[in-house]
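J.: Sequence:
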Amino acid sequence: MITINGIRVGANGIRHAGKYIPVWVSTNTLVSGLEIAEIRCKSVCDNLPTELGPIKNGTDTQVDHFEKDRVQYAKGTAEYNLIAGLVEERNAARTARRQKKEQTSLQHRAML
12 MITINGIRVG
22 ANGIRHAGKY
32 IPVWVSTNTL
42 VSGLEIAEIR
52 CKSVCDNLPT
62 ELGPIKNGTD
72 TQVDHFEKDR
82 VQYAKGTAEY
92 NLIAGLVEER
102 NAARTARRQK
112 KEQTSLQHRA
122 ML
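Those letters in the sequence shown? Residues 12 to 123, by this note's numbering.
For the record, the hints were derived by calculation from the structure and aren't laboratory data. Each residue gets a CB set at the ideal place from its N, CA and C atoms; glycine is no exception. No false leads were slipped in.
The list that follows gives simulated cross-link-like pairs (lysine-lysine, DSBU-like), each with its CA atoms no further than 30 Å apart: (1) K86 <-> K30; (2) K67 <-> K53; (3) K112 <-> K53; (4) K53 <-> K86; (5) K79 <-> K53; (6) K111 <-> K53.
FRET-style restraints, in silico, Cβ to Cβ: (7) A89 <-> R109: 27 to 33 Å; (8) G64 <-> R109: 30 to 36 Å; (9) M122 <-> N58: 50 to 56 Å.
Put together the whole structure using the sequences plus the hints.
T.: Now the structure itself:
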């Protein structure tokens, strides 16, 4: 769990003003080559808190009900570094769970 501008951000969600907002947290490289860290709402019904930074949601189209709020941070910012660390921790935990599951499966097969 990290804190950005007073808002607690986890790998699966945000806690703000007593409310839990499910989000995706990721690092990406845009077509332009710019590396970004992104926080994106999982649901179109939720809104990100404005304290996180400039909110983008593509509302320039008439069919914007498919667009979800997102915040992007460029590489080199403190927020990028925090989110990149969070993503690395999440991925390491997933890898460890997969390896443990595979090892357990191999042990089970060996017993048969």
